[in-house]
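Residue numbers (my numbering), protein chains in the order written: chain A, 5 to 319; chain B, 10 to 110.
It should be emphasised that the hints constitute simulated quantities derived from the structure, not laboratory data. Don't take each hint at face value.
Listed below are the simulated DMTMM-like cross-link pairs for lysine to aspartate or glutamate, each with C-alpha atoms no more than 25 Å apart in a straight line [unchecked claim]:
#, chain 1, residue 1, chain 2, residue 2
1, A, Lys27, B, Glu52
2, A, Lys309, B, Glu52
3, A, Lys160, B, Asp56
4, A, Lys309, B, Asp81
Okay, the calculated beta carbon distance ranges per label pair [as the list claims (entries may be wrong)]:
#, chain 1, residue 1, chain 2, residue 2, range
5, B, Asp105, A, Asp19, 37 to 43 Å
6, A, Pro248, B, Ser66, 29 to 35 Å
7, A, Lys291, B, Pro22, 23 to 29 Å
8, B, Trp68, A, Gln77, 50 to 56 Å
9, B, Glu52, A, Lys160, 20 to 26 Å
10, B, Asn91, A, His293, 38 to 44 Å
11, A, Ser65, B, Asn79, 54 to 60 Å
12, B, Pro89, A, Glu316, 42 to 48 Å
13, B, Ser72, A, Ala70, 50 to 56 Å
14, A, Gln284, B, Asn79, 46 to 52 Å
Only part of the chain B face toward chain A is listed, based on derived beta-carbon distances under 10 Å [to be verified]:
#, residue
15, Ala45
16, Gly64
17, Asn79
18, Lys93
19, His97
20, Thr99
21, Leu103
Here the structure is a predicted model, which means the values were calculated and not measured. Cβ coordinates follow ideal geometry from the N, Cα and C atoms, glycine included.
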Amino acid sequence: MATADIEKNFQDKIDQDIRIEPKDWMPEAYRRTLVRQMSQHAHSEIVGMLPEANWITRAPSLRRKATLIAKVQDEAGHGLYLYAAAETLGVSRDEMIDQLHSGKAKYSSIFNYPTLTWADMGAIGWLVDGAAIMNQVPLGRASFGPYARAMVRICKEESFHQRQGFEILLVLSRGSAEQRRMCQDAIDRWWWPSVMMFGPNDDASPHTAQSMQWKIKRFTNDELRQRFIDICAGQVKLLGMTLPDDRLAWNEHRGHYDFGPIDWEEFRNVINGNGPCNKQRLEARVKAHVEGAWVREAAVAHARKNSNLNKEEAA
Amino acid sequence: MIEKETGSSASWPLWEIFIRSKQGLDHKHVGSLHAADAAMAIENARDAYTRRMEGVSIWVVESKYLHASNPDEAASLYDPANDKVYRHPTFYDLPDELKHM
């Protein structure tokens, strides 16, 4: 078959919602896009454990502590599902980890913000996980089979992450004046970074059209962002709190909430490494990897020794 | 020496994970993970794939031992089954009055 025919064949499969599996033919750019997106996604899960791990030892009750540990453990698992799915495309785990540690690969810039109070655990669950779920649910129908299957499992597990976050804020919102202040402060700090999680506006997102044609993406950044804002604008009322946006107002004509301008300068700054915690996050990752090397080596040595013993017994 | 050990020689092989979700069902492929040996692969699979009681039994197979059919040869591979509709019960013309068959 000529290359043009193979490519048409590939796009026909996508158009018919037939999933692409690792051994199937795919355009090199499709493979590259997926490896980049899936590894970034995996890195985000792994780095995303750090801001929350900060609060495990200081969770206010055993119930909250158990929940937070379970959530962080889920995130490790989600990172693993995604790394494994990316590996089906021929990239190795070591390569991906190296790219994260050298700064070549990005992760979601939301995790470069600090977690200053306990209320941040609530705001992260409600807003950050809420935005992530909004992004991830459509990815459960992504055209690449291993990615879609990983996303379905992740979304199933993420639901409790968002609910426990909202519960934390709900309890604070019904607490003392100080707790209510803490709740509002966390929402104020996490709102705009969460809104930015959907990425640049559609007109500034050159890859969107191609990713949608390949059904790696099902909705544009702005569509998902609008849906997120509409939902949160309703939910925040249950907390008796406000979102930090003077321009937030229901627009009858559009059937959506209007919202104020997004500070893309800040977004670019944080992506380019100048956020409040970029350095700290990467250092923590590299330190864990380097200091854990002896464990990985010991496990390999142990496995070799056992397999040699077995061979001797068999002989 | 240490340099060498931290290189690829220390990376753990890949394993494919199969989980039986409950007694009476088949083991089903759920994904893959890295582990130094089979015992560790089973423990990692428990932590990665059964945090919410999704399984009662785990199989692990080192990925290099798994052989797969080639999707490019699918047409010829499945061709022998293509024209044998008589293997299906609906192929046979029988009167509606015939019950329990």
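Status of each hint after checking the structure:
1. Lys27/A to Glu52/B: At roughly 28 Å apart (the allowed maximum being 25 Å), glutamate 52/B and lysine 27/A break the hint.
2. Lys309/A to Glu52/B: holds (19 Å)
3. Lys160/A to Asp56/B: Holds, at about 16 Å.
4. Lys309/A to Asp81/B: Since the Cα atoms of lysine 309/A and aspartate 81/B sit roughly 41 Å apart, the hinted pair is violated (cutoff 25 Å).
5. Asp105/B to Asp19/A: 37 to 43 Å: holds (41 Å)
6. Pro248/A to Ser66/B: 29 to 35 Å: violated (51 Å)
7. Lys291/A to Pro22/B: 23 to 29 Å: Given a distance of about 26 Å, which is inside 23 to 29 Å, the answer is holds.
8. Trp68/B to Gln77/A: 50 to 56 Å: Given a distance of about 23 Å, which is not inside 50 to 56 Å, the answer is violated.
9. Glu52/B to Lys160/A: 20 to 26 Å: holds (22 Å)
10. Asn91/B to His293/A: 38 to 44 Å: violated (51 Å)
11. Ser65/A to Asn79/B: 54 to 60 Å: Given about 56 Å between the Cβ atoms, the range holds.
12. Pro89/B to Glu316/A: 42 to 48 Å: holds (47 Å)
13. Ser72/B to Ala70/A: 50 to 56 Å: violated (34 Å)
14. Gln284/A to Asn79/B: 46 to 52 Å: holds (47 Å)
15. Ala45: holds (4 Å)
16. Gly64: violated (13 Å)
17. Asn79: It holds, given that the least Cβ distance between asparagine 79/B and chain A is near 7 Å, below 10 Å.
18. Lys93: violated (24 Å)
19. His97: Status violated, d = 23 Å.
20. Thr99: violated (25 Å)
21. Leu103: Constraint on leucine 103/B not satisfied, violated at 35 Å.
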